[in-house]
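**Student:** One line per chain: the protein sequences are F and A, in this order. Going by my numbering, the first residue of the first sequence is number 487, and it counts up by one from there. Going by my numbering, the first residue of the second sequence is number 487, and it counts up by one from there.
A hint or two may mislead.
Just so you know, same-sequence chains aren't split out, so a pair can sit in one copy or run between any two.
[Unchecked claim] With a straight-line Cα cutoff of 27 angstroms, these simulated DSSO-like cross-link-like pairs (lysine-lysine) come out: (1) Lys671 / Lys716; (2) Lys750 / Lys507; (3) Lys614 / Lys502; (4) Lys525 / Lys762; (5) Lys502 / Lys527; (6) Lys813 / Lys730; (7) Lys525 / Lys613; (8) Lys694 / Lys525; (9) Lys507 / Lys671.
Worth flagging that the hints you see were computed from the coordinates, not collected in a lab. In this text, all values refer to a predicted model and were calculated from it rather than measured experimentally.
In case you want the letters, here they are:
Number of protein chains: 2
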Amino acid sequence: MAPSAQPLTTSVPDEKYANVKWEDLGFGFVRTDNMYVAKCKHGENFQEGSIVPFADFHISPCAAVLHYGQGLYEGLKAYRTEDGRIIIFRPDQNGLRLQAGADRLCMPYPSVDQFVSAIKQVVLANKKWIPPPGKGTLYIRPILFGSGPILGSFPVPEYTFLVFACPVGRYHKDNSGLNLKIEDKVRRAFPSGTGGVKSITNYCPVWKTLAEAKAQGFSDVLFLDAATGKNVEELFASNIFIVKGNVVSTPQISGTILPGVTRKSIIELTRDFGYKVEERVIPVEDLLDSEEVFCTGTAAIVTTIASVTFKDKKSSFKTGEKSLAAKLFATLTDIQMGRVEDTKGWTVEIDRSHQG
Amino acid sequence: MAPSAQPLTTSVPDEKYANVKWEDLGFGFVRTDNMYVAKCKHGENFQEGSIVPFADFHISPCAAVLHYGQGLYEGLKAYRTEDGRIIIFRPDQNGLRLQAGADRLCMPYPSVDQFVSAIKQVVLANKKWIPPPGKGTLYIRPILFGSGPILGSFPVPEYTFLVFACPVGRYHKDNSGLNLKIEDKVRRAFPSGTGGVKSITNYCPVWKTLAEAKAQGFSDVLFLDAATGKNVEELFASNIFIVKGNVVSTPQISGTILPGVTRKSIIELTRDFGYKVEERVIPVEDLLDSEEVFCTGTAAIVTTIASVTFKDKKSSFKTGEKSLAAKLFATLTDIQMGRVEDTKGWTVEIDRSHQG
Numbered sequence: 487m488a489p490s491a492q493p494l495t496t497s498v499p500d501e502k503y504a505n506v507k508w509e510d511l512g513f514g515f516v517r518t519d520n521m522y523v524a525k526c527k528h529g530e531n532f533q534e535g536s537i538v539p540f541a542d543f544h545i546s547p548c549a550a551v552l553h554y555g556q557g558l559y560e561g562l563k564a565y566r567t568e569d570g571r572i573i574i575f576r577p578d579q580n581g582l583r584l585q586a587g588a589d590r591l592c593m594p595y596p597s598v599d600q601f602v603s604a605i606k607q608v609v610l611a612n613k614k615w616i617p618p619p620g621k622g623t624l625y626i627r628p629i630l631f632g633s634g635p636i637l638g639s640f641p642v643p644e645y646t647f648l649v650f651a652c653p654v655g656r657y658h659k660d661n662s663g664l665n666l667k668i669e670d671k672v673r674r675a676f677p678s679g680t681g682g683v684k685s686i687t688n689y690c691p692v693w694k695t696l697a698e699a700k701a702q703g704f705s706d707v708l709f710l711d712a713a714t715g716k717n718v719e720e721l722f723a724s725n726i727f728i729v730k731g732n733v734v735s736t737p738q739i740s741g742t743i744l745p746g747v748t749r750k751s752i753i754e755l756t757r758d759f760g761y762k763v764e765e766r767v768i769p770v771e772d773l774l775d776s777e778e779v780f781c782t783g784t785a786a787i788v789t790t791i792a793s794v795t796f797k798d799k800k801s802s803f804k805t806g807e808k809s810l811a812a813k814l815f816a817t818l819t820d821i822q823m824g825r826v827e828d829t830k831g832w833t834v835e836i837d838r839s840h841q842g
Numbered sequence: 487m488a489p490s491a492q493p494l495t496t497s498v499p500d501e502k503y504a505n506v507k508w509e510d511l512g513f514g515f516v517r518t519d520n521m522y523v524a525k526c527k528h529g530e531n532f533q534e535g536s537i538v539p540f541a542d543f544h545i546s547p548c549a550a551v552l553h554y555g556q557g558l559y560e561g562l563k564a565y566r567t568e569d570g571r572i573i574i575f576r577p578d579q580n581g582l583r584l585q586a587g588a589d590r591l592c593m594p595y596p597s598v599d600q601f602v603s604a605i606k607q608v609v610l611a612n613k614k615w616i617p618p619p620g621k622g623t624l625y626i627r628p629i630l631f632g633s634g635p636i637l638g639s640f641p642v643p644e645y646t647f648l649v650f651a652c653p654v655g656r657y658h659k660d661n662s663g664l665n666l667k668i669e670d671k672v673r674r675a676f677p678s679g680t681g682g683v684k685s686i687t688n689y690c691p692v693w694k695t696l697a698e699a700k701a702q703g704f705s706d707v708l709f710l711d712a713a714t715g716k717n718v719e720e721l722f723a724s725n726i727f728i729v730k731g732n733v734v735s736t737p738q739i740s741g742t743i744l745p746g747v748t749r750k751s752i753i754e755l756t757r758d759f760g761y762k763v764e765e766r767v768i769p770v771e772d773l774l775d776s777e778e779v780f781c782t783g784t785a786a787i788v789t790t791i792a793s794v795t796f797k798d799k800k801s802s803f804k805t806g807e808k809s810l811a812a813k814l815f816a817t818l819t820d821i822q823m824g825r826v827e828d829t830k831g832w833t834v835e836i837d838r839s840h841q842g
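Using the sequences plus the hints, can you model the full thing?
**Tutor:** Next up, the structure:
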């Protein structure tokens, strides 16, 4: 799908909403009204930034992020509820993960309070871009990067923390479940690398592999671990779970897979349902031998996996309304959309008092 | 060393030269006068770009390079000769390497002719920043990156090829030879990754390791291969060679080390000197058992390695004027500086006819 660089058009203008044909929303770039920007000099701490109109910004041709890949991103969503509230999901978790990544990539970082405040400000400043209930969500994209010039030697003189947002629909279009390719040669991450943080350096290096798999008709790629090539790790940008009987397993956090906020939430909900959840090494054979497979992520939410193809052999799994994935998707989105009481303390409601 | 964001001052103004105290030049960012910029839309080819004043430029907050690390850099140098000519060294090789990297990272790329033309234009447009003979060189930094906005899905709508230049002195300050730390845990690259191309994603992930080694008093880090942890690969940004008797060895190009232009040139010069050169797997033990060790790179040129420390044990090597490294440094820089006839066809002279 080509990114939408311009707002989609609609024939029903509405002051409460931006001029968007909500039914046509995919998962791509849509230009919205405002963004948040904060800068920080080397040796200083991030101070409160400000909301500015969404626009291209100035950067040095010698910026650290352009030459040495010093950058992180995060992803979270704002939801408009049926009763008119606006809520975000566990933003503190994204703020903490950004901090871990910044430490790994030698950057200063905003406090969790600053991070959450920035998210709230961006949501309010783009309120009319939050889709109507059931039509999508406002995807919020924080980035932190080395913006000052550096050539060869430390330190980077300036860092930028920037947050913008785009209305999005479903990330995966395959309603009947994903068909994954298990990649047998190319690895996503390796021990001592950056696979455990949301570093920008994790993504482009596997674009070619993802594009090739998509050209072959697959929905996404499931990567194996670089150390042995025997164990499943994660998809391009989501975590994986397998189900067998009363046991649900997911790869353990060991530095090569991303500690997903949705992953963490799904582990808790699955235990609430009475399943045993194991975070462990998962050989490909265990995946192939499982009854049900699904992936999780802020973009993917909970998405059923219909099949995996490993070395040209396709294995299929349980899908449909009676799957655990369907039950987890319903439970998680009920909480995220504010349709049920949040007994976990996961959601944060945004009101006008957060503005500015 | 802190980067120099402002031109260094001098008390001897000279129309031929920029206002730089050449003796104080290190290897860091210095703002010069002009840069080259070319853009390319998805599905099109790069057309001729143009020289514009060096300045911060506009980029989308959702640019591919900022979120997914889609970027490459190159590095080469322009030299001012004693007899007043300006020459560059094997720019076609950098152009070809940029193309290989662009293919790996799913980007279109300039032709080698466009690349070399851009380099020449940047050198001429910053001519007064080329240090006097013997005082340094003009380091030229091309970058190619995804500049268009993308969120989650292909394609990237726009790419930018940009070239700027900074006068530089020596990269390594250690005149008596480098003292390296052989890193035993953190790897730089892994099979199927991007170690074999000059991807921006290769650098920041090992900054922390480099900074820790420097804080311990080491000059640089020597990384081992990720697959076995037993074989030497390269330094942070230079290739390594070992000498034993009449045999000079360097790690083979296998996808995890950068195919350096200086590496390639040094292999040829070493063979001219009558040595046998082997490109092969080099176990750490072979390095420790060698008589002389040196590293090569556009920034490093040829730099003697005085010692390596592996698991707290330090091994020392031959240094000084009678070393092979010293002989290779002299021969290579004689060619690069135009002090001897270039019988290899490696140097390209720039004259006014190349301008814009």
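**Student:** Against this structure, judge whether each hint is valid.
**Tutor:** Against the structure, the hints come out as follows:
1. Lys671 / Lys716: Classified as both; 11 angstroms inside a copy, 21 angstroms across copies.
2. Lys750 / Lys507: neither (33 angstroms within a copy, 56 angstroms between copies)
3. Lys614 / Lys502: within (6 angstroms within a copy, 58 angstroms between copies)
4. Lys525 / Lys762: Answer is neither: 45 angstroms inside a copy and 54 angstroms across each miss the 27 angstroms cutoff.
5. Lys502 / Lys527: Neither: 39 angstroms inside a chain and 35 angstroms across chains, both beyond 27 angstroms.
6. Lys813 / Lys730: Within one copy only: 16 angstroms inside, 66 angstroms across.
7. Lys525 / Lys613: within (24 angstroms within a copy, 34 angstroms between copies)
8. Lys694 / Lys525: Between copies, since 22 angstroms is at most 27 angstroms while 33 angstroms is not.
9. Lys507 / Lys671: neither (41 angstroms within a copy, 52 angstroms between copies)
Going through the hint list in order, the structure does not satisfy hints 2, 4, 5 and 9.
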